[in-house]
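Since the structure of chain Z is already known, use the hints to place chain D with the ligand on it.
This is what each chain is made of:
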Amino acid sequence: MSTIMAAPPKPLPRTGNYRWVSLWGVPIRVMHWAAALSIVVLAVTGLYIGKPYFMTSGEASSHFLMGWMRFLHFTAAGVVVMTAVVRVYWLFAGNRYERWRALVPVSRKNLRNLLRQARAYVLVRPEEAPPYLGHNPLQQMSYTMLYAIAAAQVVTGFALYGQYNSAGIFYRAFNWIGPLLGGIPNVRFIHHEITWVFAIYLPIHVYLSIRADVLEHNSTISSIVSGGRMVPADAKFQDD
Amino acid sequence: MYSPTSHPWTEGETLGHHLEQRGVSRRDFVEYCGGLCAVLGLGNLAVPRMARALQTLKRPSVIWIQLQECTGCVESVIRTSEPTIGNLILDLVSLDYSHTLMAAAGHQAEDALQSAMKQNAGKYLLVVTGSVPLADGGVYLTIGGRTAETILKEAAAGAAAVVAVGACAHWGSVQAARPNPTGAVGVSAIIKDKPVINIAGCPPIADVITATVVHFLTFGRMPATDGDGRPLFAYGARIHDQCSRRANFDAGQFVTSFDDDAARQGWCLYHVGCKGPATFSPCPIFQWNDATSWPIGAGHPCLGCTERHFWDTMTPFYGRLPDIGGFGVERSADIIGAALAVGATAGVAAHAVATGIHEARRRRSLPIVEAPGGGSSAAPPSSPPSVKE
Ligand code: SF4
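Chains as they are written, first to last, in the numbering used here: chain Z, 1 to 240; chain D, 1 to 389.
Any given hint might turn out to be false.
In silico lysine to aspartate or glutamate, DMTMM-like type, Cα no more than 25 Å apart, as pairs [stated by the list, open to error]:
#: 1; chain 1: Z; residue 1: K51; chain 2: D; residue 2: D260
#: 2; chain 1: Z; residue 1: K51; chain 2: D; residue 2: D193
#: 3; chain 1: D; residue 1: K192; chain 2: D; residue 2: D259
#: 4; chain 1: Z; residue 1: K51; chain 2: D; residue 2: D259
So the derived label-pair ranges between C-beta atoms look like this [claimed, not checked]:
#: 5; chain 1: Z; residue 1: W68; chain 2: D; residue 2: V174; range: 35 to 41 Å
#: 6; chain 1: Z; residue 1: G168; chain 2: D; residue 2: A349; range: 42 to 48 Å
#: 7; chain 1: Z; residue 1: G168; chain 2: D; residue 2: V174; range: 28 to 34 Å
#: 8; chain 1: D; residue 1: I335; chain 2: Z; residue 2: S107; range: 39 to 45 Å
#: 9; chain 1: Z; residue 1: R99; chain 2: D; residue 2: Q265; range: 53 to 59 Å
#: 10; chain 1: Z; residue 1: S107; chain 2: D; residue 2: S365; range: 32 to 38 Å
#: 11; chain 1: D; residue 1: R52; chain 2: Z; residue 2: G168; range: 53 to 59 Å
#: 12; chain 1: D; residue 1: A121; chain 2: Z; residue 2: F170; range: 41 to 47 Å
#: 13; chain 1: Z; residue 1: K236; chain 2: D; residue 2: R364; range: 24 to 30 Å
#: 14; chain 1: D; residue 1: A339; chain 2: Z; residue 2: Y89; range: 37 to 43 Å
#: 15; chain 1: D; residue 1: D290; chain 2: Z; residue 2: W33; range: 57 to 63 Å
#: 16; chain 1: D; residue 1: G343; chain 2: Z; residue 2: K236; range: 42 to 48 Å
FYI, nobody ran anything at the bench for these hints, they're computed from the structure. Each residue gets a CB set at the ideal place from its N, CA and C atoms; glycine is no exception.
Isolated chain Z, as found in the complex (with noise of 0.2 Å):
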C-alpha cells in the first residue's frame, strides 16, 4: 500500500516508461465544455434577470436588453439540458471511469480513502492523497452532488420558463414544482440561490484542477482536452 501512496503526488520523473490512460471520452469532453460555457452565460444572464442591474434610456422599442438576456438564458439551458441527456447516457455507455458506478464512492475502500483525500486536502498533505486515474472518491461526491444541483436547477428553471403559456408542454410537465415548493416565488428564489451554488463551485473547482496539474504533473487539466493522461509505466492507482 505504501509504495502505490508514494507514486504520483511528487512530480513526475521528466523522463522513463509512460503509458497512455484513456480516461474521458469525446462525448464527455465535448459536454464538459458545452456546461461549462453555459453555465457562465445562464449565471451572468441569470443574475441580470433576477436583479436588472444595468438598464437602457430612451425609447423601449429601440432597446431590446432583458429579452436578450432572457433569449440567451433559454438557449444556454437548453445546450445544458442537452449535456445532461448526454452525460446520463454516458453513465450507461461510457468506460469505467465515466459510468455511473465512478460517481458513487460507496465501497469501503472508496469511503476510506474519501476521507484520506479530505484529510490531504485540510491539512496541505498532498503526498499523502491516495492517487487515482479518474476521479477520486472526493470528487466522485462532489460531482454527484453537482448533478444533483443542476438538476433541481434545471427542473426549477423548466417551471418558471413554462409559465409563459399555461396551455404549453413546459407548464403541463413542470407544474407540480411550485405547489410542491409552496409556490412559484419560492421555486424562483431555490433557482436564484442555486446560482450562487455555481459561482461558489467555480474557483474551487478550477483551483484543485490546477493545483493537481501542478503537484504531481499530471496531466490532469490536458485530460479534459486529450481524453486521457500519460502516467509513469509502473505507478499503481487505486482505479487502475
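Below, chain D with the ligand alone, put in the same frame as chain Z:
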C-alpha cells in the same frame, strides 16, 4: 343607466322581459351577450344561443352566501358608476340571500335562504365569498347560530355547482396567511363532491364573476378551468404577458423607486417587486372600475392576488424574492451568495499559498530522484527528455 330599483323582479317573469322593463333595448342586450362571449373566448355563433338562454331564463337560481370575508368581493361587483346589464343580472340572481344586498334580516332572511334552496334543489348555482374557519369547532364564524362549515355544506348539498368568488373562498386569503389562527380554508377544501370553480383575486374582477355565472346559466355547466379550478378564459395567461409595460421590461427599462424618472415615464415595475411574471389574471385586459385603470396601470406593482397563498409567498410585495425565513435574511441573499463566492476564491487562494509553502519545504528535503531513463529530476533543461513507449 339602469336604475337598480325601477322594476322589481316579479314571479314567473323571464329575464328578457325583466330587462325590457328596465329599459334594456334588444340591441344593447345582444351587444352585451356579444361582449360576454368575447370575454369567455367563445365564437360569434354562441351569441344567439347565449341571448336566447338568458332571455328565456325564468328564475335565475343562484344563491350567494358570504362567510369569513371583508365584503370587498361584493363591493367589486356592485361598485360601478353605471350599472351594466351584467350588474342587473347579478343583482337579480343574488337577491334571495346576500348579506350585503338583501333587504330582509334575521329569521326572515334565513327563511328566504331555506326556501330558495328547497325550491331549486339540485339546480341552483351556489356563489360563495369568504373562507371557512375550521379551528376550535368553527366558532370564529357563525350565522344564525350555525357555523360557516355547516352552512356551506348544507347550501352546497343542493347546488348544481359551486362558484368560490375571491381569494378567501379560493384558499383562505389573508386570514389563512401564516399562522392562520382561525384555521381558515377555502371552499374546495370542504366541498369535494361538486365542481368548485375558483374566481381568484382579492377581489376578483366583476366581469369574470358575471361571465362565469352567465356561462353556467347559458350552457348549464362551468367554463373550462386550470389545475387550480380557475376559469381558463380569465386566468389562462400571466399578467406579465399581457402587460402594457412589457415593452419596457423587454427593453431593460425599470422603475427603481416610486418617485424616480422611470416611474414618471411608466417603465416596468419588475425591480420594485412586481409579481406579474408569476400571476395569472386578466387584469391588464378587463381592468377595474369600468375599465378605468388597474394596479400596474396606476404605477403599483402587482401583488399576485390571484395566486394561492400570495400573502405568504408573494411577500415582500416590493421585493423580487420571497422572505422565506421571515427575518429578512433573504433580502441579503445575494450579498451572502456573493460573499461566499468571494470567500471560496479567497479560501482557494489561501489554500494555494499553504500548498506552495508545503511543497517548497518538502521538495527541498527530497533526495534527488534518478529517473529510470537515466536523467535526473534536477537535470538541466539542456538534456532533452526522452519518453519511451
Ligand atoms: S410591470 Fe410587472 S407585469 Fe408588467 S411587464 Fe413589468 S414585471 Fe411584467
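How the hints compare with the structure:
1. For the hint pairing K51 (chain Z) with D260 (chain D), the CA-to-CA distance comes to about 18 Å; that is within 25 Å, so the pair holds.
2. Of the pairs offered as hints, the one joining K51 (chain Z) and D193 (chain D) is violated, with about 45 Å between alpha carbons and a cut-off of 25 Å exceeded.
3. Restraint check: the Cα-Cα separation between K192 (chain D) and D259 (chain D) comes to about 48 Å, which exceeds 25 Å; the hinted pair is violated.
4. About 19 Å separates the Cα atoms of K51 (chain Z) and D259 (chain D), which keeps this hinted pair within 25 Å; it holds.
5. In this structure the hint that W68 (chain Z) and V174 (chain D) lie 35 to 41 Å apart at CB holds, the actual value being about 39 Å.
6. With their beta carbons about 46 Å apart, G168 (chain Z) and A349 (chain D) fall inside the hinted range of 42 to 48 Å.
7. The hinted range of 28 to 34 Å is satisfied by G168 (chain Z) and V174 (chain D), whose Cβ atoms lie roughly 32 Å apart.
8. With their beta carbons about 42 Å apart, I335 (chain D) and S107 (chain Z) fall inside the hinted range of 39 to 45 Å.
9. Take R99 (chain Z) and Q265 (chain D): their Cβ atoms lie about 58 Å apart, and the range 53 to 59 Å holds.
10. A hinted range of 32 to 38 Å for the beta carbons of S107 (chain Z) and S365 (chain D) is consistent with their spacing of about 35 Å.
11. The beta-carbon spacing between R52 (chain D) and G168 (chain Z), approximately 36 Å, falls outside the hinted interval of 53 to 59 Å.
12. A C-beta distance of roughly 44 Å is found between A121 (chain D) and F170 (chain Z), which places it inside the suggested range of 41 to 47 Å.
13. At about 27 Å, the CB distance of K236 (chain Z) to R364 (chain D) agrees with the hint of 24 to 30 Å.
14. One distance hint, 37 to 43 Å for the beta-carbon pair A339 (chain D) and Y89 (chain Z), holds here, with the actual separation near 38 Å.
15. As the Cβ distance of D290 (chain D) to W33 (chain Z) is approximately 59 Å, the hint placing it in 57 to 63 Å holds.
16. For G343 (chain D) and K236 (chain Z), the Cβ-Cβ distance of about 37 Å falls outside the hinted range of 42 to 48 Å, so the restraint is violated.
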